[in-house]
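Student: Sequence:
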Amino acid sequence: METKEERFARRHQERDKKMRATPGYMTFNVMFTLAYPFIAVFTFVMSTLLAVFSGISKAMAWVVSGGRSR
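The opening position of the sequence shown corresponds to residue 1 in the UniProt record's numbering, with each subsequent residue numbered one higher.
Take the hints with a grain of salt, since some may be wrong.
[What the hints assert, rightly or not] Computed spacing ranges between beta-carbons, pair by pair:
no.: 1; residue 1: Leu50; residue 2: Thr22; range: 32 to 40 Å
no.: 2; residue 1: Tyr25; residue 2: Met46; range: 27 to 35 Å
no.: 3; residue 1: His12; residue 2: Trp62; range: 53 to 61 Å
No lab work stands behind these hints, which were simulated from the structure alone.
The beta-carbon is built from N, C-alpha and C at its ideal position, and this holds for glycine as well.
Sequences are here, hints too, so could you generate the full structure?
Tutor: Structure below.
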């Protein structure tokens with residue numbers, strides 16, 4: 001006889017197996033795999049731009065304050 005925890009685990013595995021067989025799940029996996037490099041490059045470019053503009057902003061604040069701001 002299976003315990004309550006084993007029954008929950010079995011049901012969870014069965015539900016996961018059914019979900020992975022759906023067309024939507026498979027389509028999402030393929031699309032995410034294909035899009036991941038573009039997502040990574042976009043994130044890198046945006047992070048770099050943010051760092052550059054943040055540096056410019058800090059430099060401007062330093063100049064405007066007469067060199068006193070940190």
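Student: Does the Cβ-Cβ separation between His12 and Trp62 fall within 53 to 61 Å?
Tutor: This hint holds: roughly 56 Å between Cβ atoms.
Student: Could one say that the CB atoms of Leu50 and Thr22 fall in the range 32 to 40 Å?
Tutor: At 38 Å between Cβs, range holds.
Student: Tyr25 and Met46, beta-carbon distance inside 27 to 35 Å?
Tutor: Cβ of Tyr25 to Cβ of Met46: about 29 Å, so the range 27 to 35 Å holds.
The structure shown violates none of the earlier numbered hints.
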